[in-house]
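Undergrad: The primary structure of each chain is shown beneath.
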Amino acid sequence: MRIVARRLGLYLLTAWVAVTANFILPRLMPGNPVQTLIGKITSQVTPAEIRAIRLSFGLGFKEGLVAQYFTYLGQLFHGNLGVSITLGAPVSSILRESVPWTIGLIGISTVVSFVVGTVAGAMLGWTRGSRFDSLIPTATFFQAVPYFFLGTVMLLVFGSNLHWFPVLGAYSQGATPGWNWSFVASVIRYGELPVISIILSSVAGWMLGMRNMMITMVGEDFVLMAVAKGLPRRKVIMHAARNAVLPSIANLSLAIGLVVSGALLVELVFNYPGVGDLLLQAVLNEDYPLIQGIFLVITLTVLAANLIADVVYLVLDPRTRSEAAV
Amino acid sequence: MRGLALPRSPKVILGLGILGFFIVMTVIGPWLAPYDPSSTAFTALLTPSSHHWLGTTSLGQDIFSQLLVGARATMVVALVAGLVATLLSMIIGISAGYLGGVPDDGLTLLSNVFLAIPGVPLLIVIDSYLPVNSRSNEFVIGLIISLTGWAWGARVLRAQTMSLRNRDFVEAARIIGESRRRIMFSEIAPNLLPVLASSLLFTVLYSIGAYVTLAYIGLTSTATWNWGTMLYWAQANNAPLSNEWYWFVPPGICIALVGTGLALVNFGIDEFINPRLRAAGLTARQRRQLHLPRRARLGLTPVLSATPAPRPRPTNAVAK
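Protein sequence lines, in the order shown, are assigned to chains E and H.
Here the first sequence is numbered in numbering that gives the first Met the number 0, starting from 0 and rising by one per residue.
Here the second sequence is numbered in numbering that gives the first Met the number 0, starting from 0 and rising by one per residue.
I should point out that these hints are in silico values taken from the structure, not numbers from a laboratory.
Ideal placement from N, C-alpha and C gives every residue a C-beta, glycine not left out.
None of the hints are false.
Derived list of chain H stretches under chain E, where covered just means 3 residues or more per stretch with a C-beta under 8 Å from a C-beta of chain E:
1) 110-124
2) 206-214
3) 236-250
4) 258-265
5) 270-276
Derived lysine to any residue pairs resembling SDA-like cross-links, with alpha carbons at most 25 Å apart:
6) H:Lys10 with E:Phe140
7) H:Lys10 with E:Ile135
8) H:Lys10 with E:Phe131
9) E:Lys228 with H:Arg275
10) H:Lys10 with E:Arg130
11) H:Lys10 with H:Thr25
12) H:Lys10 with H:Leu78
13) E:Lys234 with E:Asp316
14) E:Lys234 with E:Met122
15) E:Lys234 with E:Ser247
16) H:Lys10 with E:Gly208
17) H:Lys10 with E:Asp132
Please work from the sequences and hints to get the whole structure.
TA: Structural data, given as structure tokens:
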């Protein structure tokens, strides 16, 4: 458990760095950030909301950078991320509406893509040198295509030309949001194309990594031993794959950040009402409180996902467990 | 040191060919461009023809010219970011691995923090605070991207340095009184060349993706041309839904091809580092020439000293 505690410490430190970057960056801008922001506000804003903006930047009653920093931290702790300039609503309540869409979309596609890629990579590594190896250049190409570009092409081909999938948005206009069957069905229907495009963009990475590890693993003595004592093929593959998958899981923490970064843009392409789409609007309108709030939420979610990946790794690799016991 | 003799497999040759093509395009592209990419003198939304190879945008700009001119900014940013990030990861990774102790703990913590923060969202926050004239400066953007892209390389280099730290040649250098800096960057670093090269390729790949992403959401100057801004304008004018494929497909394909080229060359480096992967990439004919069994056998992955040059060698090319 010491390892989990250490990783948790690292993620807490990382979260603190992200939070502090959010505090420092606006102060590197020329001029007073809050005045600039309030000057830009287009919608109706009450004095209470202006106060919330000031507080979220740490500009309360006390001056002095240290005092400001602690005001800022305190506000953050109470969930005050400021007020969106263009939407005129608190950032935290805007995020509460869009975060579930993103977690659903990116979570499902990342898990499916990891599982499919790992299984396919294990098979490719096992049957190395066979005609399936010709899959590799294709997979490499898909790995290099930006997520949003693949999404765009799929939208054009399967959405607006072949009409196989509905385009734009997360559910049909006719459905009323809520836990009714027609709404859930339309969410699934509208989610298919974005999910498929994220899977297609990210699966190759898992596949190639797993293949390389599997090839190295297949040369190990324990695999030869397993074959020599006559274990069925399926069992031998499982033995090798279980060892080969460990680096993939250990690398999950790096990969999750990259996959999330890529997948956020897929939301833009499909007008999916998640955090990515919101981020584009925020960037276009220079809505700094919203940009910063989104950055914080993404970072914290990615860190939580990393922690889950670490725990899974601990469960799968007995060596790290015994190390922790020592 | 043997130098970086890449295995001459078809994958590597194809990769080098693709990269070479785009490097030439970067250098001479802007001179080859038939028109001014910003000129709006033509009819809007022409489909590809002999006058406009890739048609025109909704503002009547020549897309082929934009593609040629845009190559330069895209590649310059990727190269600047890749080089700076690799330099950073070399300094940080080798120092951490060689010095050990407290410096190692500090530097490792630093790189772990940068690994855990999602890079592109951080870039978006930093970039959105940049003054507009810095956003169009390729070097500024490249430097910022390198800040978010060095940590992975540093981690790999640290691990490799630790495996070299106690080798005899390092001990020898220490005994004859070489300075620490000399040992780290003149003795150890050259031995890490394959790892450095691989990390350079990866950071260039990451940088292209990051730069195109920033440009695509409109965070670089939309007045200068790169492949990301082309996609930005195409998306902003709803080209994907109006079937104007000739507008957004070419830049996307170019990005993907550069990435494929980098990844293919990296396969060569992987095979250089891990000899088992060499045998896995052989064709049936090359296997016959090496007197290897035609199909890969369970539990047996031959470790080859070099890739397929036909050599009269008996079956004991199989080392394990």
